[in-house]
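Chemist: Sequence:
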Amino acid sequence: RHKNSCNCSEQNCPGAVMDKALKEKGLYGRMMKSIRTSHSIGNTIRMIKLPLIFTDARLYGGAIANFYWLTATLEQCLEQATAKEPHGLVSELRSMLPSLSATAGYEADLAELFGTEWQQEAAKSRTAATAAYCAILETAGQDELVAAAFILYGALVVGGGKATQRKVRKIFPACQHKLFDLSDDIVELRRQFKESFSQLGKSHADMEETLVNQAARLRS
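The sequence shown begins at 1 in our numbering and counts up by one.
Treat each hint with caution, since some may be false.
[As the list claims (entries may be wrong)] The calculated label-pair distances, taken between Cβ atoms and stated as ranges, are:
hint, residue 1, residue 2, range
1, Arg-166, Ala-104, 18 to 24 Å
2, Glu-195, Lys-162, 17 to 23 Å
3, Glu-208, Thr-103, 24 to 30 Å
4, Ile-136, Lys-33, 17 to 23 Å
5, Arg-58, Gln-80, 15 to 21 Å
6, Arg-36, Arg-58, 29 to 35 Å
7, Ser-99, Asp-56, 29 to 35 Å
8, Ala-205, Ser-91, 16 to 22 Å
[Unchecked claim] BS3-like cross-link-like pairs, simulated, lysine-lysine; straight-line CA separation at most 25 Å:
hint, residue 1, residue 2
9, Lys-162, Lys-178
10, Lys-124, Lys-178
11, Lys-162, Lys-33
Derived by calculation from the structure, the hints in this document are not laboratory data.
We put the beta carbon where it would ideally sit given N, CA and C, even for glycine.
All chains, please: the whole structure from these sequences, using the hints.
Modeler: What follows is the structure in structure tokens.
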């Protein structure tokens with residue numbers, strides 16, 4: 001049995017994976033450490049310290065709706081940044097993680113939780129903080145978008161996975177929780193995620209400090 005932040009004994013549980021990630025070196029490890037003190041998105045998705053959400057499916061739906069808006073905005077901005085600068089930092093990251101996308105999973109879950117009017121319900125759940133964060137993403141530069149991708153995707157890749165999905169399904173069995181279905185092999189995706197950011201740090205050593213600082217700035 002190992003000791004980790006979620007006090008469970010599974011080797012691949014979110015707490016163990018996160019603890020391991022914090023010990024990594026290179027850009028990936030530095031960015032992970034920079035967001036550790038306030039990784040609110042990851043904590044929400046992993047359902048840590050939010051027992052109230054477990055009492056009501058609509059509260060849970062409202063919580064993930066906000067991350068849906070953030071993710072949908074991010075993915076739209078990543079597309080635009082890639083088109084604008086085909087050889088830029090965003091394009092380079094996306095070429096290393098070509099299949100990484102989460103918007104469709106959020107939409108599927110929200111449809112199951114809220115029904116046919118899920119878009120209207122998701123809009124009602126959108127907070128002022130989420131709107132402000134989306135506004136930042138919409139005017140973000142390449143470095144900011146890469147940092148935001150690290151935070152929003154990292155919450156699911158590093159802090160999510162099948163173990164988290166199983167736990168949430170037990171509480172809300174009527175929902176498939178497809179937002180966690182990023183890959184059939186989450187361990188391999190975590191490796192690719194780590195290697196992609198580590199490689200960015202090696203290829204753009206002059207940008208490493210900027211990326212670490214942007215991750216810290218965008219972490220909450």
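Chemist: Of the hints given before, which are not true for this structure?
Modeler: 5
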